[in-house]
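K.L.:
Here is what each chain is made of, one letter per residue.
Protein chains: 2
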Amino acid sequence: MHKYGKRVKISIIGFGAVGQGVAAVVKDIPFIEVTAIADSKGVAITPDIEEVLNRKRVGLPISNSNLSAIDVIMKVDHDITVEVTPTNIIDGEPGLMHIREALKHGRNVVTSNKGPLVKRFNELMQLASNYKVMLRYEATVGGAMPMINLVQEALTGSKVRNIVGVFNGTCNYILTRMTEEGLDYNHVLSEAQDMGIAEADPTYDVMGIDTASKVVILANSVFKQNVTLDDVDITGIVKITADALRLAKERSYSVKLIGDVKGLKVSPMMVPAGHPLSVGGTLNAASIMTDNAGEITVTGKGAGSIETASAILGDIISIYKELEGVDDLHC
Amino acid sequence: MHKYGKRVKISIIGFGAVGQGVAAVVKDIPFIEVTAIADSKGVAITPDIEEVLNRKRVGLPISNSNLSAIDVIMKVDHDITVEVTPTNIIDGEPGLMHIREALKHGRNVVTSNKGPLVKRFNELMQLASNYKVMLRYEATVGGAMPMINLVQEALTGSKVRNIVGVFNGTCNYILTRMTEEGLDYNHVLSEAQDMGIAEADPTYDVMGIDTASKVVILANSVFKQNVTLDDVDITGIVKITADALRLAKERSYSVKLIGDVKGLKVSPMMVPAGHPLSVGGTLNAASIMTDNAGEITVTGKGAGSIETASAILGDIISIYKELEGVDDLHC
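Same order as they appear, the protein sequences are chains A and B.
Letter 137 of the first sequence, counting from 1, is numbered 137 in my numbering, and no numbers are missing.
Letter 70 of the second sequence, counting from 1, is numbered 70 in my numbering, and no numbers are missing.
These aren't lab readings, by the way, just hints derived from the structure by calculation.
Treat the hints with care, as some may be off.
[As the list claims (entries may be wrong)] Below, a list of computed lysine-lysine pairs in the BS3-like style, where the Cα atoms sit at most 30 Å apart:
| hint | chain 1 | residue 1 | chain 2 | residue 2 |
| --- | --- | --- | --- | --- |
| 1 | B | 75 | B | 27 |
| 2 | A | 9 | B | 6 |
| 3 | B | 249 | A | 262 |
| 4 | B | 132 | B | 321 |
| 5 | A | 75 | A | 27 |
| 6 | B | 159 | A | 321 |
| 7 | A | 56 | A | 75 |
| 8 | B | 265 | B | 239 |
| 9 | B | 321 | A | 159 |
| 10 | B | 6 | A | 224 |
| 11 | B | 262 | A | 27 |
| 12 | A | 132 | B | 6 |
| 13 | A | 321 | B | 132 |
| 14 | A | 321 | B | 321 |
| 15 | A | 224 | B | 262 |
| 16 | B | 224 | A | 6 |
| 17 | B | 249 | B | 262 |
| 18 | A | 27 | B | 6 |
| 19 | B | 321 | A | 262 |
| 20 | A | 262 | A | 249 |
[To be verified] So the derived list for chain B, only partly shown, Cβ under 10 Å to chain A, looks like this:
| hint | residue |
| --- | --- |
| 21 | 16 |
| 22 | 278 |
| 23 | 288 |
| 24 | 296 |
| 25 | 321 |
| 26 | 324 |
[What the hints assert, rightly or not] Among the chain B residues that face chain A by a calculated CB cut under 10 Å, a handful are:
| hint | residue |
| --- | --- |
| 27 | 158 |
| 28 | 234 |
| 29 | 306 |
Every residue, glycine too, gets a C-beta built ideally from N, C-alpha and C.
Could you put together the complete structure from these sequences and hints?
P.N.:
And the structure:
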């Protein structure tokens, strides 16, 4: 279908922080052409990206058509649908419908949306296989940390036995600040909300649901399970006291909200100082237990619109290479 | 040349801890056939791997031929030469000769030997390109940590600006123990030698030369430089006092021997607690500074024969996939 030198056509479905980040990072890449951008209010066809970003920034509508997101997916010519609408773990919508239709219409899909993958991982992978297209989701798991690629491409010399990690930057920030300053949970949560590190409604993060979502996606993708959030034993960080953290610190431990992928468990745990998972601030970290390579830990920013956009760009480039049969792309 | 389902033929040149580790991990992999194993005393042709490993273990010669290592490279049919003789940073030999001849005879090469790459990186890569074969060296840099693959395959969505890291487990062990126990350098060095963590002659590690070798290989491979050890500003750990480490610890810092790849510098530096490079014991860690993905850190065992063998196996598999045009190999 494609020849080397051709451009790959993408649509961006969802135009919040991540969608805008994607537009910003792809706009100067010569082999990527954005054929449509959809937000919740309308669709810009063959958009001038700079202009659309500016309109969005000042609150103007981006639409220049009477199409909807689903119209773009079904009717507008493109090779890769970039689905970056907000995560909804209740029913996965509207992302689930977007991804299903995109795959059925022969589009490859790159997504940062955990909802559809948490609800219907195996169905979507099967659909991609049936329609001979690719579904990539690096950004759903570790933000900028290339977890999935690392396991699938870089660690081919070892079998992966388990993955455990600190998968939520908001929780890690709260626990780090409570430990360092001896402050209580509510105080630090307010501070984190003021700084934009925690959402106005922090439930999803602090109850451990975001961490559990990542556990589900890794369990299904790396360990070929067939599980959903219902299968995960989840304890959040809301009941942790400053006293408990102080006691841990006195013994050179820190407390982290740990997701255990094989164990299907999310809970606060003590980690010794100097351990690779003992990272502070908003950092994420994931330890990959292997048979031959021992324990490999990756640490990085788990969230942030540019970091997430960078993971999405990595997936777009990897699909582009597959489509073109190129293996030595420098950009 | 190869079809899917065919076996890839390898020779193992060098049969110390790493070579034996490679033999042990590849012996049960159905698509890998070992056609020859060479140690410093002789060559086993079409070896029974189990038997050769047993003979080596009890000190018996492995040779069943009158060939030498270089004869194997030039005359024995194989696709991949696995060059795992000991690192020699003075002139790179005998590894340099082995790798040159292997490439000139159309063999792909996988190596854990830093010597040839530190001395002649660009010459060898050019030779591989001229003869249309691959030269892979994941094991030279981070042992089990898939640094090169991570940068070249997994982080395609970002430009890499710099890499800084803790690249030597022996130094890290010595500094960690000195800090934890308040012991002096000579005491901890003796302990590390007793435990097999430091060599009888620890010069190469504690003077920073091993770290600098990794800096050179990363500078040449990731940043397309043309540098050797002479270009690196090197300070080791031998002059660090227990007092200095205690003072740092009181301020919640630890001291690590840091290699700075873009800066071409190796020196002890203070790292704050909770920082991803603040890993203890014999661990290695490398922080990859990127434009979009922020700072990604990989932590793992930098050495160990099975860990190194696992990195070599990863390289063999990746060459096998290229030769076969397979992209979805599960083993």
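K.L.:
Failing hints, ascending?
P.N.:
2, 3, 15, 18, 21, 26 and 28
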